[in-house]
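Protein chains: 2
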Amino acid sequence: MAVAELKFDLATVYVSDAQYNRNIFFGTSPQAVRLYLLYNHLFMQTLVYVFIIINLALALFEDPAVVPLPIWATSTIEIICLSAFTVRMVHYAKVIPRDKFWKDPKNICIIVILSFIDLTIYGALKATGYFAIRWSRVLRPLLLVNVTEGRQLRRAFRSIRNALPQISYVFLLFMFSVLVFSLMALKLFGKRGLLTIDGSPYFTDYLDIVFDLYVLVTTANSPDVMMPAYNYSVFFTIFFILYIVINTYTFMSFFLAVVYNNYKKYLKEEVRQLVKARRFKMCRAFSLLRETCGEGGEPVVTQAKWNHLVKLVKPNISIAHQELLWSVLDDQNKGHIGKFAFVQLADLLSIQVITVKSQPHPIQICFPSMYNSSVSRFIRNVVHHRMFVYVYDLIILVNAVFIGLDEENPVVSNAEWDFVLYAGGYTSRQILDIVFILRVLRLIRLVDSIKRFRAIINTLIKIGPTILTFSQLIVVVYYIFAMVGMELFKGKVQFFEPNSTSPDQEYCGNPLLKGTTFAKLNYCKNNFNNVVSSFIVLLELTVVNQCGFTAVTHVSARIFFVLFHIVVVIIIINIFVAFILEAFLVEYTVDKSDLQTSLEKKIEELEDGVDTGLVDAMESNDNELGPSEAGKQKPSLMFKIASRRSRTVDGLLQRMFETDLRTEDFNEEEEPENISFSNPAFDSV
Amino acid sequence: MAVAELKFDLATVYVSDAQYNRNIFFGTSPQAVRLYLLYNHLFMQTLVYVFIIINLALALFEDPAVVPLPIWATSTIEIICLSAFTVRMVHYAKVIPRDKFWKDPKNICIIVILSFIDLTIYGALKATGYFAIRWSRVLRPLLLVNVTEGRQLRRAFRSIRNALPQISYVFLLFMFSVLVFSLMALKLFGKRGLLTIDGSPYFTDYLDIVFDLYVLVTTANSPDVMMPAYNYSVFFTIFFILYIVINTYTFMSFFLAVVYNNYKKYLKEEVRQLVKARRFKMCRAFSLLRETCGEGGEPVVTQAKWNHLVKLVKPNISIAHQELLWSVLDDQNKGHIGKFAFVQLADLLSIQVITVKSQPHPIQICFPSMYNSSVSRFIRNVVHHRMFVYVYDLIILVNAVFIGLDEENPVVSNAEWDFVLYAGGYTSRQILDIVFILRVLRLIRLVDSIKRFRAIINTLIKIGPTILTFSQLIVVVYYIFAMVGMELFKGKVQFFEPNSTSPDQEYCGNPLLKGTTFAKLNYCKNNFNNVVSSFIVLLELTVVNQCGFTAVTHVSARIFFVLFHIVVVIIIINIFVAFILEAFLVEYTVDKSDLQTSLEKKIEELEDGVDTGLVDAMESNDNELGPSEAGKQKPSLMFKIASRRSRTVDGLLQRMFETDLRTEDFNEEEEPENISFSNPAFDSV
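Respectively, the protein sequence lines represent chains S and H.
Counting in full-length UniProt numbering, the first sequence runs from 1 upward without gaps.
Counting in full-length UniProt numbering, the second sequence runs from 1 upward without gaps.
Please keep in mind that the hints were generated in silico from the structure rather than gathered at the bench.
Computed from a predicted model, the values in this text were never measured in an experiment.
Check before you lean on any hint, since a few could be wrong.
Pairs involving identical chains hold if they fit within one copy or between any two copies, as the list cannot separate such chains.
[Unchecked claim] Below, in silico cross-link-like pairs of lysine-lysine (DSSO-like), each with a Cα-Cα straight-line distance of 30 angstroms or less:
#, residue 1, residue 2
1, LYS191, LYS106
2, LYS7, LYS305
3, LYS265, LYS451
4, LYS520, LYS103
5, LYS106, LYS265
6, LYS520, LYS492
7, LYS339, LYS305
8, LYS276, LYS7
Please work from the sequences and hints to get the whole structure.
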């Protein structure tokens, strides 16, 4: 019996690993399984994330700080975090076989980072103060990538790594083109004695030209860089038109094409391997529970064992749901299922089925006569009528128009504001802002009710989870650049509160900025003086690469901006666009999986009351409605597949490949060639 | 005999129509065929293009003009052009059946445009002068689309038309999002009394906010629009971050996705139909020339007839080339070919084969002893050696570095410049510029010799022809917007030569621009005062949508800029990007067609001297070289397939589908369902 229980435990682990796509090798001894379960425990995982967030948030308190804390405090917190990561890693090392541990570059990476950070903290503490550069802070966000179970995030990084060779070839060619154009520009404009708008010589220094033309690719200095030449002669615009067509449009599209091509190839390969690994795990679980069925010799799993397993995997599953799933798998009512059906369990479990118990309305129970009165019936009919929905939508729209209009009606709006101001002071004003915004958001409901738009909104919602992955990716990259930027530009630009009377306010506290557009446009708050403003500057650089900062430091600081542009705009934004492209195309090509359809069919059958195998799970209730309405009456226990919207693009792709793999042989002995998903080798250009 | 000749004429027309993808219905009477040949004559087509260019170029001479001409002169030229187009259209009407003519929307379009332009010219002449708006000029570029044989251009327009419904749904949702965000912005910032950098109130007018936030999508006003809110509180940046992520990145990628999705679907469908139509024409030609071969009853075409046909289709084809093609089709040396082989003729003819006659070197003929001397042999060996190529490349590179460096060496460069200045004055300086640029271009040769880059450059070259199509598309759209822009903004902004002393220079001659950034940055030359500067402004608007013009006219002029952004950036630029994406992906998936391979194999066989059927076409020449070098000796007559680079993406796609269709039945009776390529109906979102 103990052995049987152990087998069930192990099978449970396999099934839930398959369901959640976990890919960690672990020993099969009872002790190892227990350790593994602990490792995957939700509490442990949350704890790791908490420590990661604390560790990253340290940047708020370290010099240059938003809220300064003494160095011993931040160092202590950091050491606590690092210890937590170390414990987590030791735990991980215990779970997986020793040779696998040392082969995984992820772990080596963590160890190296940990020791480096440790070293620098020690050094910084020793060197008491200012000349210690905390360069290890740059490595911190990499822990976010490596310590957590951020499968998606790591995949995004792998995707970048795979695309890098091809990107670099295109980039070299692009840089070559920029260099040649710069040489031409030097020859064309250098000797004409033209002046820029600041009165400095125009296009006379080769490196300046290269930088200016590079910035033209980001469109940040678009007409300005061309104006002196254009004012001199119309024909010189031909040079810039050629440059823009070739570099700004064609090469930038090339970057997108390369990234998209790689993303597509790589994504499919990864998802295919994920599906294979999942099948492999399900086969393992099957082989633990199988028994040979009578004379046929086909290995099968009986319903009793299956029920036990499902209860272990999903403790809070309802019996009705369980019966439903079994009836989908064992569609011939044999009482046992083969390997092919068993393997589908993980997929079936990940389709969210909502069990709806149709309860009578509270009023119907307490005041049955009132509920069934003609007035009540009329109200119910009205509410269920289509026109009601339209009218309701119209009210929302009118409300929105009024929200916009009341600004122009001083009586209404001032009264509203004054009331809040006298009542609760400033904080209430902020609360009111939020209430206003929530009022406006109701409009989305209106748009969602139009069918044409719903398809687009569905895609938007499906993209949602992956946008979270991308925001993590962006945070990692921004964090690294913010740390470097703070070391380079900290304190160079000062922001003065609008009511300050300091004479330095005009040029952001730095005489070098006197008379520059940067100071004139009041960009003083765009600085690297703390981690929050650094992030905002980096966001602005992502949108348009403005680099007024080169005025306050050495010209070589331009390298920082060019590097940022390459990493964020050329690589990451393009991956984002590639992802949306693919999500859109997948959304239009993949409709439903067979599995989902079969489950839906079963549910429909149940609703029609045709299937008799599950009658015991349904309580039939006859209520007091007349025979004319009894036809519409549905069983009180109903199933519904949760909105298809919640499915991610990843899920869609997995289903897509599932269908491809279905016809392949199931072989639990053969391990998937590459369960840790090291990068498949793609042929380069 | 005359009937046979007529048959050949008709077959020739079918084959060359198939080869050049012409899709015009024409009568099969000898007279109609002659008319049709005249219609397709190169001279006639060139003439039409010349008239189109003259007609479009009229914008240079009409008020507001670069070179003013009196209104009677431009009107006369326009009437001549319009007459030419009318003649061309009447000719077209004679060629194709009457009912087809009136069904084609293209023709209706031309007729309507012609009559409208005519009407307005008449009106303008009558109304003597200034209050006549020449609004028909807007329609002119549409003639470029409709009159010429611009198949690619029309396809691009059809592609846009097909994508429009989907784009408009996304656009509506996008505008909804902008409107909701604007409402939020009004609520959040409107009452705080914030000021922009010009001192005007910040985010208080709803329509202004909508416009500002729309411009933020184009990234033109990126940090500026956010700065007042950011200076007030860091938390307000959350609003802008959300806005940028949702609208600037996600929605803009959505537009690309929709356009790309449509482009892909539509392109494939069009090319498939093109291939079908081509096959249909070849089957027609076959049925004209076929004869039943003996007892088998299989219809075939004999070599004699085939040779006659090929000579008619391609009069300057060499006998050797003709023999080569025949040997590819009739690979079993039967002396006749079936329908399957015959149909391939059009494709074979479009593979460019270069016949290379290896002639002895002139020195070898005149001075044989010198040519065979040891010194000469040494030189020949050196030149053919790999190192020679490397050294040559190095010299180019060093030369380029010197071109860059000599700027810093005043002796060299001044001497160079002074010499030219004293010698030939100003024009020589311009010539020298061109020479310098050509010197720099030599560098491309260097990059092309590196294998990794050649693949990318190949794709670039293949994209070339389609970039021409896009530039036509851009010219059409720019022309329309330039005409409208000139009516709206003509003369509002004045450009003064840099050495002018006018006090108005500071604010571009318009007091409304006093103190604006537009005047400060010296953008005065960015105006709509003639068609050339209008085009340059529109180019600048394409890159970054700066719209200082709204200061000089009514606020509603913003509509012009928003509309331009929607048409050019959201639609056309995205189609361009979609095209490059697809070109890149096709380049990586399609390698070679079977046909090309079989032709190449044949050529290889010939080079090895294995094939004996074509020995008569080759003169074998034994020269005085020793037996050791005789092995390397190639036949004096060689074939080479012209560089695969010259193939366009369109061609690649056609080959791709050719392979798909090869297995289908050949049926010359059944017309392709849609030979005029009206738009296939796609299901919408």
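Hints and how they fare:
Taking the shortest alpha-carbon separations for LYS191 and LYS106, neither the intra-copy value of 55 angstroms nor the inter-copy value of 52 angstroms comes in at or below 30 angstroms. In this assembly of identical chains, the alpha carbons of LYS7 and LYS305 lie at most 30 angstroms apart only when taken from the same copy (11 angstroms versus 81 angstroms across copies). Taking CA atoms no more than 30 angstroms apart as the test, LYS265 paired with LYS451 passes between copies only; the shortest distance there is 23 angstroms, against 33 angstroms inside one copy. For the identical chains of this complex, LYS520 and LYS103 are neighbours neither inside a copy (56 angstroms) nor across copies (62 angstroms), given an alpha-carbon limit of 30 angstroms.
When the C-alpha separation of LYS106 and LYS265 is checked against a cutoff of 30 angstroms, the pair qualifies only within one copy, where the shortest distance is 23 angstroms, while the shortest distance between copies is 42 angstroms. Proximity of LYS520 to LYS492 under the C-alpha cut-off of 30 angstroms is found in both arrangements, the shortest distances being 16 angstroms within a copy and 27 angstroms between copies. Proximity of LYS339 and LYS305 under a CA criterion of 30 angstroms is satisfied intra-copy only: 14 angstroms inside one chain copy versus 66 angstroms between copies. Taking the shortest alpha-carbon separations for LYS276 and LYS7, only the intra-copy value of 23 angstroms comes in at or below 30 angstroms, while the best inter-copy value is 62 angstroms.
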